[in-house]
Structures are given as C-alpha cells and as structure tokens.
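*Asks:* Each chain is listed here by its residues.
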Amino acid sequence: MAIRVNPGYIEVLDKFGAEDVQMCYQCGDCSTVCAHADDIFKFPRKSMRQLQMGLEEKLETSLEPWLCYYCGQCSEQCPREADPGETMMSLRRWLISRYDITGIANQFFNSRTREILTVLLIAVLTGIYLTFYGISGGSIHVYDGEGAFLPSSFIHTFDLTVGGIMFLFLWLGALRMWYFSMVKGMSIPVPWWLYFKKLYEIPFQFITQKRYAECENNGNSKLYMPWLVHFGLASGYSIMIILIMVFVEPLQAGPEIVWPLHIFGYLATIGLLIGCIYFVRQRIVKTKHVQYKKTHSTDWMFVILLIIITVSGIVQHILHRTGYLEAANITYVIHLMAVVPWLLRMPFSKWSHLIYRPMAMYFAEIQREAVVRQQKLVDPLSITIK
Amino acid sequence: MRTGVFFCQVDEQWNIDIDAIAKYTLNLPEVESVQNLGINPDIDLDKLSDSIKSRNLERIVVAGDLPGYFKPVFTKAMAKSGGNTKEVRLASFQEHGAKNGHTLDRAKAIVACATMGVPFSLAAVPGGNPVNHATLVIGAGIAGIQASLEIANAGKQVYLVEQSGTIGGHMAMFDKTFPTLDCAACILTPKMVDVGQHEMINLMTLSKVVSVSGKPGAYRVKIKKRARRVDEEACVACDECVSVCPIKVESEFDAGISFRRAIYIPFPQAVPNAYLIDEENCRYVTSEGEKCGNCVKKCPKDCINLDEEDQTIDLEVGNIILATGYELLDISHIDQYGYGRYPNVLTSLEFERLTNASGSTGGRIVTKTKKVNRKTKEESWIFSPEGIPPRSVAIIHCVGSRNKKYNSYCSRVCCMYSLKFAHLIKEKIPNVEVYEFYIDMRAFGKGYEEFADRIKSEGTFVIRGHSADVSMRDDQMFVRGEDILNDRLLEFEVDMVVLAVGLIPSPGTEALGRMLGINSDSDGWLSELDYNGNPTDTDKGGIYVAGMCQAPKDIPDTVAQASAVAAGVLGSLTSEKGIGNMSSLSLSEIEEKAKSVHTL
Ligand SMILES: Cc1cc2nc3c(=O)[nH]c(=O)nc-3n(C[C@H](O)[C@H](O)[C@H](O)COP(=O)(O)OP(=O)(O)OC[C@H]3O[C@@H](n4cnc5c(N)ncnc54)[C@H](O)[C@@H]3O)c2cc1C
Ligand code: SF4
Ligand code: SF4
Chain A
399 MAIRVNPGYI
409 EVLDKFGAED
419 VQMCYQCGDC
429 STVCAHADDI
439 FKFPRKSMRQ
449 LQMGLEEKLE
459 TSLEPWLCYY
469 CGQCSEQCPR
479 EADPGETMMS
489 LRRWLISRYD
499 ITGIANQFFN
509 SRTREILTVL
519 LIAVLTGIYL
529 TFYGISGGSI
539 HVYDGEGAFL
549 PSSFIHTFDL
559 TVGGIMFLFL
569 WLGALRMWYF
579 SMVKGMSIPV
589 PWWLYFKKLY
599 EIPFQFITQK
609 RYAECENNGN
619 SKLYMPWLVH
629 FGLASGYSIM
639 IILIMVFVEP
649 LQAGPEIVWP
659 LHIFGYLATI
669 GLLIGCIYFV
679 RQRIVKTKHV
689 QYKKTHSTDW
699 MFVILLIIIT
709 VSGIVQHILH
719 RTGYLEAANI
729 TYVIHLMAVV
739 PWLLRMPFSK
749 WSHLIYRPMA
759 MYFAEIQREA
769 VVRQQKLVDP
779 LSITIK
Chain B
30 MRTGVFFCQV
40 DEQWNIDIDA
50 IAKYTLNLPE
60 VESVQNLGIN
70 PDIDLDKLSD
80 SIKSRNLERI
90 VVAGDLPGYF
100 KPVFTKAMAK
110 SGGNTKEVRL
120 ASFQEHGAKN
130 GHTLDRAKAI
140 VACATMGVPF
150 SLAAVPGGNP
160 VNHATLVIGA
170 GIAGIQASLE
180 IANAGKQVYL
190 VEQSGTIGGH
200 MAMFDKTFPT
210 LDCAACILTP
220 KMVDVGQHEM
230 INLMTLSKVV
240 SVSGKPGAYR
250 VKIKKRARRV
260 DEEACVACDE
270 CVSVCPIKVE
280 SEFDAGISFR
290 RAIYIPFPQA
300 VPNAYLIDEE
310 NCRYVTSEGE
320 KCGNCVKKCP
330 KDCINLDEED
340 QTIDLEVGNI
350 ILATGYELLD
360 ISHIDQYGYG
370 RYPNVLTSLE
380 FERLTNASGS
390 TGGRIVTKTK
400 KVNRKTKEES
410 WIFSPEGIPP
420 RSVAIIHCVG
430 SRNKKYNSYC
440 SRVCCMYSLK
450 FAHLIKEKIP
460 NVEVYEFYID
470 MRAFGKGYEE
480 FADRIKSEGT
490 FVIRGHSADV
500 SMRDDQMFVR
510 GEDILNDRLL
520 EFEVDMVVLA
530 VGLIPSPGTE
540 ALGRMLGINS
550 DSDGWLSELD
560 YNGNPTDTDK
570 GGIYVAGMCQ
580 APKDIPDTVA
590 QASAVAAGVL
600 GSLTSEKGIG
610 NMSSLSLSEI
620 EEKAKSVHTL
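Residue numbers (this note's numbering), protein chains in the order written: chain A, 399 to 784; chain B, 30 to 629.
With the rest of the complex left out, here is chain A:
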C-alpha cells in the first residue's frame, strides 16, 4: 500500500508540544547520540521524518517514543535546534491520546481550561458525596470504628472502585497499544511464546526504569538525578497504591502506629515528597536538564495535585494520631478530593506512562526478537552494531 503523505498533520502535533519539527533537516545527529537508539529502533530522526511527512499510521504503531527517556542529548546536539527530545515527549502525549478510546486525553492535552474544570468538578463531586455519606451514617467526631465519619470498610470499597476504573482505562489503553504496535504495525509474524519469554520485562522495567539510568548524564554530576527522582516516585507510587488498595483498613485504625505496615507508608511518602520538591524546583529553575525547559501545561496539574495529596495525607495522619479527630476527618475529605481526580486522570495524562512505558518495552523486546528471528538483518558491510 502506498503511504499517504500529510504535511498538515504536524499542526496536530504542534498542540501536543512538538513545535520545531519543521526545522529538522534530517542529519541524523540525534540518532547517533541517543543512548537508546539501536539498529532496530532508530530514533529520534526517523520519528521526526515521519512527523514531517504526517505518517499518522506509522507513528501510531511505533513504540519508539516510549523508548526515549528525554535525557535531552539529542536536543543539545541538534544543529537545527529542532528539539527532537521535546518531539519525542510530544509524541508520547499524542500516543496517550491515541490509546485512549474516550477522547478525554485529547481534550485534556489540547485545552488546559477543560482539564482544570474537569478536575475541579470531580473534586467537588467527591467532596459532596463524601460529606453527605459521612453526615448520614456517622459523626464528624469519630475517625475510625463504630460511627466513624468515613468508615475504613467504606473507604476500602470506594478506593477499589475508583482504582478499578482507573486500571480499566489504563489496561484498555495498553490493549490498544498492543493492537497498534503488535498487530496493525507488524509486518512479520510474532511467535506466541515470545510473549511469555519476555514477560519479565514488565515488572522489571516498571520498578527499575533501568534504561533511564543509561541516559548519559552530560558529564557533570555522578548522580543520575532525574533517574533517582523517577525511581523514588515510581516506587513511592506503587507502594502507596498497594497500601491503599489492600491495607487501607488496618492503616486507618489507630491511633497506635502499626510499624510493620506504616513504615512502608512513610517511605513512600518520603519518595513522593522528594519527587514533588524536585519537580517544582526543576520547573522553576528550568535550566539544568533540557527536559524541563519546556513544560507542557498538563504537567503542572500533576505536580499540584500530587503536592495536595502528599501534604494533606501527612497532615491528616498527624491530626489523627494526635487526637484532633474532627480536623482529621475534614482533611481526609480534602485528601480524597485530590486523590480521586488524580487517580481518574491518570489514564488520560502523561503519567499513564508509568504503565505504558514498561508495556511498550515489553512489546519492543518481543518485536526485536521477532525481527532478529526473521533474519531481516543481513549485513553486507559487516559492521558492528551496538
């Protein structure tokens, strides 16, 4: 089938943040400095080209954007200041909106006001619902157990419902990613057992985000700061989710502190807190790492919500343990008012990459092996490939 060229498509991507793509003159410098590009997944130059030509289908079925961690080497090197790193970031945003069948992600990425309004609406609805529930069945003076304002069993069900919705959308998205990349975009057969062979990639990539560390660090500092922050956030995040979804009932009991359980909560809080501070600082200073030079408006939303959640969580915890139960209950409602939109927003925002990225790497590894198996790479020049 002939490929349809659509030079106008770039306008669409412009809204996702890829502003300088037309500057690119296809030199390939970016691909040569990228620590993640290799002979099978060649980017960012190729993605730049596909964008310039508006090859929507090629882009939709590509996994390359997920292999990029935005270390910014390419943008630093680019002789045309075409900002390939930012383009890859924009492609991720765009892909998220593509994976999402509801169209919500697209709305969010393209209109900040709509996103803010939606988040506010959900927050208010949550607040009203929880307050009514609390008043109707319990007392503001009781935090846990009999007659509690927000009984832990109720919260457990509530959390599971909200979390369930979130996961449903995320996995629907992941399914679409699978369909695009492994079915629609694959021209060669993929043996079914490869899916099992490479299964370990998912948890492995999710927890370590190992490839992030492979990004070269521009020399100066030995600490892979962005990676550390990423790691802190990702693990804080996962631990919190597990705690909330499974252990919320013993957690909410008190006022004694159940150390074997709470210690995890504290650690996760620290991880999230450090993440918050670092993100805010980087977004204000904006110079050190290229990836923070341009902040798409949707990123702020994430940070603000995360800060509210973390701070209100800590405050509520302290209030509860020190016996200010009324205040604790009110803070709890505020906390949940942030948690719910934040969780529900996940599948439609940049942060769905926490799931999409490991999935994409999993698929990419399968693709790689499938391609190698097909012996597609006959190498007449006998050259060493990275």
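Derived from the structure by calculation, the hints contain no laboratory data. Cβ coordinates follow ideal geometry from the N, Cα and C atoms, glycine included. A few of these clues could be false.
To be verified - Restricting the straight-line Cα-Cα distance to at most 27 Å, the calculated cross-link-like pairs of lysine-lysine (DSS-like) are:
| no. | chain 1 | residue 1 | chain 2 | residue 2 |
| --- | --- | --- | --- | --- |
| 1 | A | 440 | B | 433 |
| 2 | B | 455 | B | 475 |
| 3 | A | 440 | B | 434 |
| 4 | B | 244 | B | 220 |
| 5 | B | 254 | B | 244 |
| 6 | B | 52 | B | 82 |
| 7 | B | 433 | A | 413 |
| 8 | B | 622 | B | 52 |
| 9 | A | 440 | B | 485 |
What the hints assert, rightly or not - Ranges between beta-carbon positions, derived for each pair:
| no. | chain 1 | residue 1 | chain 2 | residue 2 | range |
| --- | --- | --- | --- | --- | --- |
| 10 | B | 613 | A | 404 | 51 to 59 Å |
| 11 | B | 109 | A | 420 | 24 to 32 Å |
| 12 | B | 100 | A | 409 | 45 to 53 Å |
| 13 | B | 75 | A | 420 | 20 to 28 Å |
| 14 | A | 420 | B | 58 | 39 to 47 Å |
| 15 | A | 499 | B | 109 | 42 to 50 Å |
| 16 | A | 409 | B | 39 | 21 to 29 Å |
| 17 | B | 413 | A | 587 | 55 to 63 Å |
Fit chain B with the ligands to the given chain A structure using the hints.
*Replies:* Just chain B with the ligands now, with coordinates in the frame of chain A:
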C-alpha cells in the same frame, strides 16, 4: 501608471522606520496606494487581488528587507485581478544596502526607483572624484594574486600587501584541487613567481594596513611592515641557518602538524623565496639580543640582520581591493568529534597538509605515531613518514557549518574537498575503507556532480546521514552514524577521522572593514554592494572585495571574482567619470537620475 506600494518585512531585527518611508512614498507621482503589511504578514490572496482590482492598480511595488519572499503571492494576485504580472516590482532594502546609517534615505530612493520601474543600479551611479592610478591589494591568496596580475598586466601600479611571510594563501597548502584533480601548485606557483617578478607589482609581505584616510580615488594608506630580519634579495634559501636554531614551534603553513624553527621559510616555493625570523619565538629577539644569534654566524651570505627594525610605509592609491580570505572555525569546543582528545582526528587543513607531497610525511597518508620525550617522559603524537596507514577513514561533513550554534551558513567548499579527500585516500592506500558522512551533498559547480559520482564509483561509502559521535574504546576509534537511506544505525571502527570544518572570515577582517568603512554581514563576511547585480563593489567607492573574504567560494569562483574586480578597477582608471561613494549619493540625486532614465 497607477502604482500600489506594499511594505512587508521578514526580519524583525531590521531597524527601519517604515512609516516614514511610507509617508514619503505616498507623495511620489503615480503612487495610488501605500500599505504597510507588517512583519511576516499572512497575505490573503483573494483580499489582495480584490484590493488591486478595486484600486485599479497597474503596477505593484513590494518593498521590504527581502521582498522576494512575498513576490509569488503578489504575482498570483496580480494575475488573478487580470493585471500584468511583469509589473510586480521589488524594492529590496537588503539587496541595495539600505542599512547602517544611511538607511532611511537609501530605502526611500530604492522605493522611488521601483515605483518608476527603473533598476536601482541604473539610477544610483556615484562618480566625480579623479582616480589615482595606483591600486592597493590587501591579502595575497589566489584572489589577491589574480587581481594584482590582471591590473599589473594592464600596465598599472599595484601594491600587494600580505601579512604572512609568503604569498599564496590557502591554495598553496593544497595538493590537488577539485573537481579536476589538477595539481594546485602547478597552477599557483607560476602565478606566484609572476607576482614576485612583476615590475608593476610592489609586494610587501609581513605587512598590514594600519590606517586609511582620504576619499574614493585618492586614499592615503599607512602600512606597517614588520622586519623580516633576513635580506630578501641576498638570501639564497640554502637552509644552513635552520640547523643551528634551538627553537621549535608548530608550522602554520603545515596547519600545525609539523614543526619549524624560529628562522624558516614557510615552504620551499615561497615568494619571496627567502627565510624570515619569527620574532615572537626567536631567542635573540625575545631576550632582546642577550642570547643565541647562532643563525647569524652560520649564514654563508651574511644576510641575517637580527636587529632590523619595522618600517611604516605611506602610500597614495586610487582603488583598494580586499582579498583577506578565510580561516577554519575553531573547533576545540565542539567536543563530540574528539578533536584534540584523540590523536587521529584531523581538521580538513591538517589533512590537506598530510596528503601533500611537500608535507612532513612526503604525502604518505599515515596515522600518528607515539613519541616519548626521553627527558620529560611526556608522550606526544606526531606524523612521521614511517607511520602506519589507516585501514579505514571517516570523513564527516558540516562540522560547525549549517549549525545554529556555530555557523548557520553553508561553507560551500567542504562537500567537494571531502570527496577529493576520499579520492586521495583511495588512491594512496590500497584496500582502505573510506566513509563519507554527509547531510546534503552540495555539488554545485560545473563537473562537480560528475566528480561526486566518480568518487562513489571508486568504492567510497558515501553515507547520507551525519555523525555526532566519535569515541575511543581500547585504543580503537569508533564512529557512530545513521545511514538514513539504508535505514540503519551503524558503528564503524576507524583509524582516522577527518572533519570538514566550517569556514569563517580571517581574523581582523571586520576591523579592517571598519577601518575602510565597509560593513560586514552578520556572519562577518564583508558586504558587497549588491549581491546579485554587483558582487564585487562595496558601499564605498573604489573599494572592492574579492575571494573568500566576501563569502565562502571555491577557487574558480574566487579567480573569476578577482578578475572581475580587476576589470572594475581598470575601468575606473580609464573612464572620465571618476569614482565616488555610493553612500554619499543623496536621495534627490538618485531621484533625478531615476527620472531621467524613466523618461527615456
Ligand atoms: C581544506 C580545504 C580544501 C580546499 N580545496 C579546494 C579545492 O580543491 N578546489 C577549490 O576550488 N577550492 C578549494 N578550497 C577553497 C579555497 O581554499 C578557496 O576558494 C581559496 O583559497 C580562496 O582564496 P582567497 O585568496 O580568497 O583566500 P586565502 O587563500 O585565505 O588568502 C587570503 C590571504 O590574505 C592574507 N590576509 C588575511 N588577512 C590579511 C590582512 N589583514 N592583511 C594582509 N593580508 C591578509 C592571508 O594571509 C592569506 O594569504 C578548499 C578550502 C579548504 C578549507
Ligand atoms: S532533529 Fe536535529 S539532530 Fe535530529 S535529524 Fe533533525 S536536524 Fe538532525
Ligand atoms: S637567533 Fe633566533 S632564528 Fe637565529 S638561531 Fe637563534 S633563535 Fe633561531
């Protein structure tokens, strides 16, 4: 003719008072309407053609810094409204030099000429001053040599000023020239000898212009001539002195890949063919006569005078030709290619000297050999004739050129000389692999595309795709590159990397221009009067540009421009009109002239 004038600008930085020009334009005869469309306007074709129609315009003048950008839409609109598309005229401020100081009046004059349909260059002809018949040429590369010879051969006096110890410029450093692969020396050396012997050429090496005053046709020039400290006439270039000189420094002529003494001759065919003392390094000079002086005792001709003093020379000339050439961009801070870190990463000029039969390896292309200083145990890498030839060489184009961080422009000659390098390597080393990494192949001249094809057919891997990564692992260099046409990412083992480094104007070009009242463009190249119509004259009457100093160009173009400049100079000497400054032409003078041309 009912004329409509539209102002549209491209460059926001361009500091020009459009409103004032527009006001002036409104009062011009035949002008019906004037519109200022602003910076980078989005012009609606339909609206435009409607407005042309409703105003019944017969001629349109598009005025601005680069009005050519907008010409297509105006032409379309004119056609749509049924007008004559030939009557879409451009009034280009950039092209006709409406900048720096005399911006406003010049811009007005440019617009006025366009509304009358008179080419600006026909209306703006400065003149009036009688012309002194002597000519000063600054810079003795191929451009300066060519211009000097043309003028001198016509029987006119030339003063040729060259800052280094020999004439010849960069071309003297080359082995072969593209695309013919002629021997550079065979073309250049006879011309150099000619210059040295010509009775109408007064050659001053080691000299610089320090001040210029006067007016077109009669410039007073002060030249500082550094002491050579060796008698040009008496020195027989026997090379005796060199053996006793204790000083060793990198040779400029060899692009730093070999060493010379403090008393030296740049290369054996240098003109003047005499040795000279490098006063910055000579032990006698730096110790103010306390130490050394070995060479004086050794010289059989007694021609070394270490105490010779600098001279200043005053000249009166009618015309001045600038031919100061170029130099390579300093790439020490472009670190992705490992230049300065890995011994076998070379700049293009270094490679030119390596492959030149008169170079330190006798023209053998070899990798550097490690040398350990016996006393200090310091390691250094040098080229020696016994070196090992590389098994594979990568040539990387566009290093610092077409790059927004360094030179945004194309240096024009690098693609071609890189291909030339590939040929020379293939010719000299059997079974060598040569990889050319290019972004776009600029084979722009007669026979150049064919040359490129020939190089490809010789087995060089010409790879569409740049490289920004040269690394070293276990004493082996690697180049990573993207082969875009074959859709693969590659990593090659290479023994040598040659960087096609971008070109910039010679140091001091801008200062020299300022001294003479000539502008430089944003990249530092000297500004010509009119890029299309008059690429040899400048804003100042009697001052011309030739060769690289005006813009990157290859030898054929340099020679052609130099000859054109000579024609201009000779023309000014024979015409009765005399010469004058473009910038001193007043608005009313240009208007008058345009009117008289217009009514013809
Ligand atoms: C690596 C390389 C390979 C090339 N190979 C080819 C080729 O094969 N074929 C080809 O056509 N072109 C080639 N070129 C281009 C070629 O070098 C130029 O076109 C040509 O040399 C320009 O000559 P020029 O006289 O303008 O400048 P130059 O050769 O630079 O001469 C300028 C002269 O002016 C002197 N000077 C500078 N400033 C002053 C001052 N203030 N006062 C007095 N004197 C001054 C300098 O010392 C120098 O002698 C090559 C260029 C490079 C970099
Ligand atoms: S994005 Fe920049 S570095 Fe990458 S191919 Fe385009 S111009 Fe070259
Ligand atoms: S006097 Fe100067 S040039 Fe002569 S030998 Fe000594 S250092 Fe060398």
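*Asks:* Hints first: check each against the structure and report whether it holds.
*Replies:* Okay, the hints, checked on the actual structure:
1. A:440 to B:433: Since the Cα atoms of residue 440 of chain A and residue 433 of chain B sit roughly 24 Å apart, the hinted pair holds (cutoff 27 Å).
2. B:455 to B:475: Answer holds: residue 455 of chain B to residue 475 of chain B is near 23 Å, not above 27 Å.
3. A:440 to B:434: Judged against 27 Å, a Cα distance of about 25 Å means the pair holds.
4. B:244 to B:220: Violated, at roughly 32 Å.
5. B:254 to B:244: holds, 24 Å
6. B:52 to B:82: With a Cα-Cα distance of about 23 Å, the restraint between residue 52 of chain B and residue 82 of chain B holds, given a limit of 27 Å.
7. B:433 to A:413: holds, 25 Å
8. B:622 to B:52: Roughly 22 Å between the alpha carbons, so the hint for residue 622 of chain B and residue 52 of chain B holds.
9. A:440 to B:485: holds, 26 Å
10. B:613 to A:404: 51 to 59 Å: Hint holds: Cβ distance 56 Å, inside 51 to 59 Å.
11. B:109 to A:420: 24 to 32 Å: holds, 28 Å
12. B:100 to A:409: 45 to 53 Å: violated, 26 Å
13. B:75 to A:420: 20 to 28 Å: Distance hint for residue 75 of chain B, residue 420 of chain A holds at roughly 26 Å.
14. A:420 to B:58: 39 to 47 Å: With a Cβ separation near 44 Å, residue 420 of chain A and residue 58 of chain B satisfy 39 to 47 Å, so the hint holds.
15. A:499 to B:109: 42 to 50 Å: holds, 46 Å
16. A:409 to B:39: 21 to 29 Å: At 22 Å between Cβs, range holds.
17. B:413 to A:587: 55 to 63 Å: The hinted range 55 to 63 Å holds for residue 413 of chain B and residue 587 of chain A, with Cβ atoms some 58 Å apart.
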